[in-house]
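Novice: In order, the protein sequences belong to chains A and B. The opening position of the first sequence corresponds to residue 1 in the working numbering, with each subsequent residue numbered one higher. The opening position of the second sequence corresponds to residue 1001 in the working numbering, with each subsequent residue numbered one higher.
Just so you know, the hints here were simulated from the structure itself, not pulled from any lab data. Heads up, the beta-carbon is just placed ideally off N, CA and C, and yes, glycines get one too. Be careful, since some hints might not be right.
[Unchecked claim] Selected chain A positions facing chain B (in silico; Cβ < 7 Å):
(1) 4
(2) 160
(3) 364
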Amino acid sequence: MSDLDRSRPPARGTFADFDFPAVDRTRLPTGLDLRVARLHRLPVVSLNLFMRASEAALSSANAGLAVATADTIEGGTRKRSGSALAEALEGIGARMSASAGWEGTSLSLSCLAVRLPEALAIVAEAVLQPGFPDDEVERVREQQLAAIRQRLMDPSSLATDSANERFFADHVPWARPIGGSADSVAKIDSAEMSAWAEANFRPERGGLVVAGDVDPGEVAAMVLDHFGDWTGAPANEARFEVAARTTERRIHVVHRPGSVQSEIRIGHLGTRRSDPDYYALSIANMVLGGMFTSRLNLNLRERNGFTYGVRSRFVLRTAPGPFRVSTSVGNDVTASAVYEIMNELEAMAEVGPTEAEVTAARDYAAGIFGLQLETAGQIATRVSQLVVYDLPDHHFDEYRDRVRAVDAEAAAAAARRHIRPHEAQIVLVGDAGVIASDLEALDLGPVDVVGGGA
Amino acid sequence: MTRLSIDFERHRLDNGLKVVLAPDPTVPIVAANLWYGVGSRNEQEGKTGFAHLFEHMMFQGSANVPKNRHFELIEGVGGTLNATTWFDRTNYFETVPSVDLELALWLESDRMGWMLPAMTQEKLDNQREVVKNEKRQRYDNQPYGDWDERVQRLVYPESHPYHHTVIGSMEDIDGATLDDVRSFFETFYVPNNAVLTLAGDIDPRRALDAVKRYFGEIEPGADIPALPGDPDVGARIGTTVRDHVVSDVPLPRVIMAFRVPPFSSDDFAVARVTGALLGTGRAARFYRRLVRERRIAKSVVTYVYPLLTGQSMMLVWATGYPDTAPAALEAAMSEEIAALRSAEEREVHRAIALTETDLVRTLERLSERADLLSMYDLYFDEPDRLNQELDRLRAVELDQIREFVEERLGEDNRAIVTYEPEADR
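Isolated chain A, as found in the complex:
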């Protein structure tokens, strides 16, 4: 035992890259894009059905309709009530959920693999023959209105929603909260949901992903059985040019009296998933605020003790989403935290990461990619990303090589192009009476204070 040298970490073995599972892809005659990944670890299966029925295709007057419609899928079909639908699924140990976002509507199912034939029949019924009974529609509408109220009083959600509003011009859908407003949601009814689903629950530009202990040929036959008559493309398309609300740097305080912390969001218009800088920018962001040992976290948490944690993120969509730094800090250090964040943004934009930082981030990104291919659900999610963002089939086969090819120069160039501290919108939710004057003193730009609680 005495021969063990504890003074240095053990030497690394050779990392065994493992392949992304093979994906069997079939385009059904009806236009449905079916992708099946066969896995043998445990007897489970995960299914994702993605349809491009997107909240971004709605005007602000109709905002929240895609979200509400997805939430009402579990409310029953033309053949059975919501309770009967839940009984049928859960009786065979299947969990189904549906949700809508800025890219579309997703329906997910997990169950033991032997239960897939029964579960798939129910999923098809839920999507192709949704019932939208009045009482379930009313319930979902009331729940969504209550959720809007909750978001307004939750400092973290309020900060994120306020930041999106500051980052994007009014006509950009994601300037508004995903669930819509009290006005737009209050008028949603069963007829509107039925019309939305009829027009937009369509196979084209979407896809069905199945991952698990299944036979791809058998899955294709089952899918054909249940979705054989399903055709067409979504009628409502998202059409807009993403634009920033402003490029003038401002501080925006949402006053929440009595707050014992300030929620901080700093950022601006970001970029799209298909940006050629994708890999380099991912690495630059990891160094900035995308891992525990990022500059922001080591500064704000481990050096200064200002926060429990801080992160930065480019939210990548088919069209440019937000770039933002998010954290929550004590009242007395709010201005200091903003100052430190701005310094880190400037250093990253102007100088970029060091070679050593890039190496560390690269190793992290390449390594963690493999660690996150453990479960059927994780594989299904990855394959769904190929569908949602229209990525090439070999995207994940190449991922690690592309990540490892990023060097410091490329990461610095990407940071310079995509991180623009002089355009940053600095948004805080906190007690303005306590934090506003220190923020003024930072001299980073005009300070607006709005609101007096929720």
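Given the coordinates of chain A, assemble chain B onto it according to the supplied hints.
Specialist: Just chain B now, with coordinates in the frame of chain A:
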């Protein structure tokens, strides 16, 4: 019916460290997981929150690992890591490519054996601020953020180790000293108070050799001291106790808590199945009746805590709509609880079918698999309970559920915390 079985072998080093090895070569990664038999229940009066603060200190370096290096090294191989503190235990875990198993063993053994030489006042001051910000962010600045503090005060008497929360109080966190860190480490962070589980792409013989090499020379500690306070507590609270809170919450919420048999009891499975009848899935009674049919609740939640000390706790809560009267919501919940006496076999089958899928999906993740094996070994000296869990649930009979509802969910065993929005909201 699937018969799932996770293979493992058990060992014990001379210094008392328990080791569970669960090989699975299907993915080239390994989860390392350490459970220490110490949690908030071990905290002395005036030291609440210390077990959790100490958990933070375990990431501040050890004799051969400078501050931040632990994170850098694990992130550098693409690994993930974290730790959590709870009532009865503290767990530390990392998942890494299997070629980096020794890195995880080196880091975990260095802090188990040689954490104290790296401790400084500066590190303690820093992490104290981090933890205070964690408390503010997750509890103090959140609507309903103080619910668990209020519930625990009602369910457990002041003398009981669960009377206070894991996060503790700001005053106690402020009062923590380096001496506290030293004595806590020497008392609880000893190999004879821990389980190490490795799950994943390992060769058990070589993995065991490596574990012995890294952990074998760590000195065992003394026996773990008895819990402070009085862990014995009656099976029932004795009455309905209440805490009505008017505050700036968006929606009314009613939280009910009950003393239930401890995790170690044979009757704990009855509590779990009963909890699942109420709260697992959308066909469960609370969702079906309160959310879907009566539309009196916006959302419902059910927890059955797996606690060891004296009596455990079952919680149900319902969040209403802006105009829901908390008293009406409470009455509706009470009706559904009483109606459980007429539960049917079909519902039990449904709840267990869903629980089975959930368990298999949990076990897909090596980190979860390792965590459960550590738990069952630390708590019961029997990691195989993981493989018996579904059978325990399947063995629960309807009259046991009826009896449980009578004995444990009645008005003589309820703590009710009600949140009501301020009038001007």
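Novice: Taking the hints in turn, state whether each one holds.
Specialist: Here is how each hint holds up against the structure:
1. 4: 6 Å, holds
2. 160: 14 Å, violated
3. 364: 5 Å, holds
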